[in-house]
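Trainee: The lines below spell out each chain.
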Amino acid sequence: MKPAWRILLGKELLDVARDRRTLVLTVLLPVLLYPGILLLMGAIVAAGTQRLKNEPLVVAVVGQATAELLARKPVPEKTTFQAQARAEAERLLRDQQIAALVEAPQNAAAELEAGRQVVVTILYTKRFDRSVEALDRLRPVLESINTDALELRLEARQLEPGFVQPVKADAVDLEFQKDLGPLIASRLLPIVLLMMLILGALYPAVDLTAGEKERGTLETLLVSGARPVDVMAAKYLTVSAVAVVTALANLAAMAATFGFGLSFGGKATTTFQLSGGQMLTMLACLVPAALLLAGVSLTVASTARTFKEGQSLMSPLMLVCLAPALLSQMPGVELNNLTALIPLLNVALLIKASVLGNATLTQVVLTMGSVLLFALIALKVAAKAFNSEVFRFGGTEGWRALFGESKSAARQSKHR
Amino acid sequence: MIEVENIVRDFGAFRAVDGVSFTVEPGEVVGLLGPNGAGKTTTLRVLAGLLRPASGVTRIGGVDVQVEPLQARRQLGFLTASTGLYDRLTGREMLQTFGRLQRLDEQTLSSRIAALSEELELNAFLDKRCGSLSSGQKQRVNIARAVVHDPSAYVLDEPTATLDPLASRDILELVQRAKARHKAVLFSTHRMEEAEYLCDRLLFMRGGQIVARGTSTELLTLSGKQKLTDAFLHFAGATA
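As given, the protein sequences belong to chains A and B, one line each in that order. To convert, note that position 356 of the first sequence is 356 in the numbering used here; the numbers rise steadily by one, no gaps. To convert, note that position 114 of the second sequence is 530 in the numbering used here; the numbers rise steadily by one, no gaps.
Just so you know, the hints here were simulated from the structure itself, not pulled from any lab data. Each hint should be verified, as a subset may be incorrect.
[Said to hold, decoys possible] Cross-link-like lysine-lysine pairs, in silico, BS3-like; alpha carbons within 30 Å at most:
1) A:Lys78 <-> A:Lys53
2) B:Lys641 <-> A:Lys2
3) A:Lys126 <-> A:Lys73
4) B:Lys544 <-> B:Lys554
5) B:Lys641 <-> B:Lys595
6) B:Lys595 <-> B:Lys643
7) A:Lys53 <-> A:Lys126
8) A:Lys308 <-> B:Lys544
9) A:Lys308 <-> B:Lys643
10) B:Lys544 <-> A:Lys2
11) A:Lys380 <-> A:Lys308
12) A:Lys308 <-> A:Lys2
Predicted model only: the values in this text are computed from it and were never measured.
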């Protein structure tokens, strides 16, 4: 004959599997929504970039000297140079009727001939994209004029091009030079996976505790042939299972999306294949994290009397749990033997390190050990909550009663 | 047999149950009456092991509820107006789950479900999800859930409170059948006609204590009233 917790676990899993809201949250959302959002985002960014490239822009040219200087090179595509006085050009720029203005000094040509520097002003604004695009079109023109002038000067003095820049820094990113996939994945995955793990734990935890209290089914369970600890064990495993499935569905959806490849327009493309080792590393931290979050969310949700009350308790809990994921993206915050001991932060950092290929076995073991230890503590508190009358009837005695009840119960037992 | 000996239960400084004692013999239906806040539900919850008493002893079939709660609950069928069903499970799945929790083997469980389906006329909707059932159908499934393990004692806390007369009839028939089968039935209600019709003895609670006990005739004599409703008001401290 099956133990009571297994009978209850079967019942809980059947119940959860028939819950449309849970299915939407755990399967549909990650499988459809997130890849959809990422692909759509990529398409929108690419389309926007292309639209700007094709947009006709008017650039004001202030003064004859500027016009002569710019005339040394072809006008950029889809761009019209328009002669304007400086004050009028600034007004037109502020009114967004032109995209930028260019102004060179009156004696620009003579200064160049004399071998001196000419400062050409490009007035633009970051307030609208067309102006930024105009800057992007003007820069190559001026750089080309600069290169021509420099070549003439070097030729006249019979110097090599390297003379003007004896040392040139050429920073080459070995991993990400062409593909932004791993970089973007290392930013997105820790936040998305932890967020979905938290969501996957919180909703069923509230439904299986406060929701059941409200529907009267918890009392039905507690007067059955099951001990509170059996009831708790079944709910704990159910919440953990839903959280893990949610995280895995998200991981699979993300992996498929990155594997398929995203394009953000221009040269920015992202492809990223998760290896078996990386998947295993992530599982090694996500499963213990699911156990930890299941214990914490069950404990907190069990003090609520209604589903609505449970949801309001979950909002601050979600923020607290999400903070480590956001912290993991801060500069200088990396996985080391110390951060590997901080629950949830270590999970986020391990996911990040795993994507970037930096995770060591020691860090994986430390992270797993730390999260499992905290999961055990959460489980113990959850078990205490389920033995508490505050949990059963949502009494008015609150958290103090929840954590102090054993002593008072023991005192009461002595009196009997 | 249900035995309650001098139980006391406090909620903070408030004493909800104060030295309540009574017994319910096999084949006997005892009604627990009293105004809201009298301590009836707390007494029944202590009896079901849902609340711990500060002092006193409760036994079901001779088993101490506080010492051996699982053994005691195997002899207890507990039904209240608020005990709910799982909307996403079918009636059959409910009965199977709760029967298994009461350690019934599969053969016994199948025959119990078949018998209860016949007795409570569940066959037409036993394989439908509980969420799609009418309140009367839900109540019948809930009755079957409470007694699927064929307990020796029934504790029913205002089970007809939210039901229409038709659904209430199922409960009253359950109590009558239980009595005929020598079950000990403790029945809490606010409906005096139900108490008068069903109960062999009545216990009247007020302020956490039993202030009157006896048959309905004895309570009428004791209160000097003609109707049980008037006797209720008399014992509740209101003028009839």
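Trainee: Now, for every hint given, state plainly whether the structure supports it.
Mentor: Cross-check of the supplied hints:
| no. | hint | verdict |
| --- | --- | --- |
| 1 | A:Lys78 <-> A:Lys53 | holds, 8 Å |
| 2 | B:Lys641 <-> A:Lys2 | violated, 56 Å |
| 3 | A:Lys126 <-> A:Lys73 | holds, 26 Å |
| 4 | B:Lys544 <-> B:Lys554 | holds, 11 Å |
| 5 | B:Lys641 <-> B:Lys595 | holds, 28 Å |
| 6 | B:Lys595 <-> B:Lys643 | holds, 25 Å |
| 7 | A:Lys53 <-> A:Lys126 | holds, 16 Å |
| 8 | A:Lys308 <-> B:Lys544 | holds, 28 Å |
| 9 | A:Lys308 <-> B:Lys643 | violated, 44 Å |
| 10 | B:Lys544 <-> A:Lys2 | holds, 25 Å |
| 11 | A:Lys380 <-> A:Lys308 | holds, 25 Å |
| 12 | A:Lys308 <-> A:Lys2 | violated, 34 Å |
In this structure, the earlier hints numbered 2, 9, 12 are contradicted, and the remaining ones agree with it.
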